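With chain A held as given, fit chain P with the ligand onto it using these hints.
For reference, the chains in residue letters:
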Amino acid sequence: MNFKRISVLTAAATAGLMIAGTVQAGATFDAVKKKGYVQCGVSTGLPGFSATDDKGNWKGIDVDACRAVAAAMFGDASKVKYTPLNAKERFTALQSGEIDMLPRNTTWTFTRDTSLGLNFAGVNYYDGQGFMVSKKLGVKSAKELSGASVCIQAGTTTELNLADYFRANKMEYKAITYDSSDETVKAFEAGRCDMLTSDQSQLYALRIKLTDPNSAMVLPEVISKEPLGPVVRQGDDEWFNLVRWSLFAQINAEEAGITMKNVDEMLKSADPNIRRILGVEGVKGEFLGVDDKWAYNIVKQVGNYGEMFERNVGEGSALKISRGQNALWNKGGIQYAPPIR
Amino acid sequence: MADASPERDSPAKPRLLSDPKFRALVFQIIASITVAAFIFFIVRNTLTNMESRGISTGFGFLDRASGFGILQSLIEYNETSTYGRTFLVGLLNTILVSVLGVFFATIIGFIMGVLRLSSNWLISKLAATYIEIFRNIPLLLQIFFWYYAIGFNLPGPRQAMSVGDSLFLSNRGLYIPAPVFESGFMATGLAIIASIVAVIILARWARKRFEATGQLFHTVYASLAILIGVPAVVFFATGAPMHLDYPSLQGFNFQGGVAIIPELFALVLALSIYTAAFIAETVRSGIQAVSHGQTEAASALGLRPGWILRLVVIPQAMRVIIPPLTSQYLNLTKNSSLAAAIGYPDLVAVFAGTTLNQTGQAVEIIAITMSVYLVLSLIISIFMNWYNAKMALRER
Ligand SMILES: N[C@@H](CCC(=O)N[C@@H](CS)C(=O)NCC(=O)O)C(=O)O
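Residue numbers (my numbering), protein chains in the order written: chain A, 1276 to 1616; chain P, 457 to 852.
Derived by calculation from the structure, the hints in this document are not laboratory data.
These numbers come from a predicted model, not from an experiment.
Here a beta-carbon is modelled for each residue, glycine too, at the ideal position from N, C-alpha and C.
A portion of the hints provided could be inaccurate.
Unchecked claim - Partial pick of chain P residues on the chain A-facing surface, computed with a CB cut under 7 Å:
1. 509
2. 510
3. 511
4. 512
5. 523
6. 524
7. 527
8. 627
9. 708
10. 709
11. 799
12. 809
13. 810
14. 813
15. 816
16. 822
Chain A with its partners taken away, still in its complex shape:
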């Protein structure tokens, strides 16, 4: 059960902390390199972000975050093992060393960044919290929801935003908090609550899990900022850099027009920026402790940011989410990566 699992993880973390000496620079980086794969903490099943397909393969933009790191480090995006985690377990799993990185639709917040001994390596999806209600209720706006029962998942920012929003609008609510997203959805379907709240992208993902997706609708209000991104343990800057720049490489590749398809041709490009990104000239992979072709491998095997987005959550997926804030900075969005030079 959950409490047991968290207790075990905590015990493991404590045991590790009891005997560990000083923090070693590069500990995770070296360990991952040595064992030959990335242990990746993902959700228990959230279509578009991290979920298994009918063949049992993990798919989603969070999954691709780990695959990009594996491509950069090993030249092989498939060198990843997955640990499904619910919201409550995720940070303990990372702290205890059970996983190497945590890209699990996790919101970057002040408390998480500063007090958990963790670092956020970037933002792979800009999100915001929304509400999903049954169409039968006949509600058009969240402001009409005073007195409502709300289904949420434990251990999320969602719990806090919900409380803030209702308090700020002087409305009453009753939160029914479940451990897993499956139960949250089931309770919503059974009418135990009037609405389900979560990050908006996740609402779309959960909606397609309903028996009748058309019976529910997502309300227009977005009540919070939820920058989601991969998290790593504090204290290993080499590893942090690799995770962060794997994402930046994807964003830079999209900006430079390098795609999965044209990446081999692009190797012959005369554009100095493209040549630098693909490791043909200029910057060296050794700054990251990996091969010069690290970014080439990422784009070749995982794709650039835009491709990854469309394939998992955009037009090429069941979710059909538009780029919105997640478009590049020069295309009306806020996805922006420092240059590779």
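Chain P with the ligand in isolation, oriented as in the chain A frame:
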């Protein structure tokens, strides 16, 4: 050496080190110091390491505002309350489930245990079937079963079933009118306490008289009369200083009244039914441990079957039943932590769950939570041991 006691007689004064008592003491002290030093070392090392890894430590978080709501609270609570308060809310919810669970499990368990031994074939087999089914299905599945079977199959609040517009049953729970006490209720409260005391005195007196004279006094009716009559008279004499707050449908949900949420209901039901199956077996074995000769002797004396059970068999069986019953109570309390699975806000859900996640202070919170279960278990054990000692065979 005329006044030498036998000990002094020993040939040579034993060296301190070969004195077994002294040696034992030394070893115990060494062992204790080693354990203490080990714990101290571990705690200090853990704290230093956590600090160097940037993980917050300490109990300061208990004073910070929690910022989240809780579905059911026995005390005043809102989002601005502290994490310390969150802990209390969770603890009380855990205690509520445990107390209700123990209460119903005991009743169902005793009934089933006795029925299991019934000479009526059908009744005995029905009880056996109950025991075998519920003892052998994992508790978590049973919790889900009751939750989904009951909580999710009820109508929504707008179609709620109602009794006389004061009781409402829907998938939001059972709403009943809540008593609201007015200022003059004090007198009735005192009357209730006084009548309880009176009943206890009466019972003692009846027992003494019975032991002295053999005359039976039916305390049941007299007690009921006192317990209900006295407070009722005082209540109406002081002008009935209490009214009911009726629940009513407002918007999406019911407002007012007291709500018994489906999570609580399903959890108590599952815990009671599951634990009762074990208690039934305990009761059966306890009764069977009383030798048949006792029953025969009692019926030879002309006691009625019900009396034989109550006066001869049960008191002796209790001595066998109580120790395993204690561990069933402990199990029930610990099993109540499965609450989180169906969203009942117990200690594990709100404190070791949400609070842990919002603050990230896993070590402190898990330590506190485990200590709480330890303390709860110890309290139950102490109480049951006391009760066991009271029930134990007294030699006269
Ligand atoms: N972004 C929020 C919410 C993350 C979250 O856990 N969302 C739920 C949505 S209901 C989820 O992804 N559940 C999937 C799972 O537990 O496997 C956070 O970081 O706290």
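Quick rundown of the hints versus the structure:
| no. | hint | in the structure |
| --- | --- | --- |
| 1 | 509 | holds (4 Å) |
| 2 | 510 | holds (4 Å) |
| 3 | 511 | holds (4 Å) |
| 4 | 512 | holds (4 Å) |
| 5 | 523 | holds (5 Å) |
| 6 | 524 | holds (4 Å) |
| 7 | 527 | holds (6 Å) |
| 8 | 627 | holds (5 Å) |
| 9 | 708 | holds (5 Å) |
| 10 | 709 | holds (5 Å) |
| 11 | 799 | holds (5 Å) |
| 12 | 809 | holds (5 Å) |
| 13 | 810 | holds (5 Å) |
| 14 | 813 | holds (3 Å) |
| 15 | 816 | holds (4 Å) |
| 16 | 822 | holds (5 Å) |
Figure legend: structure checked against the earlier numbered hints; every hint is met.
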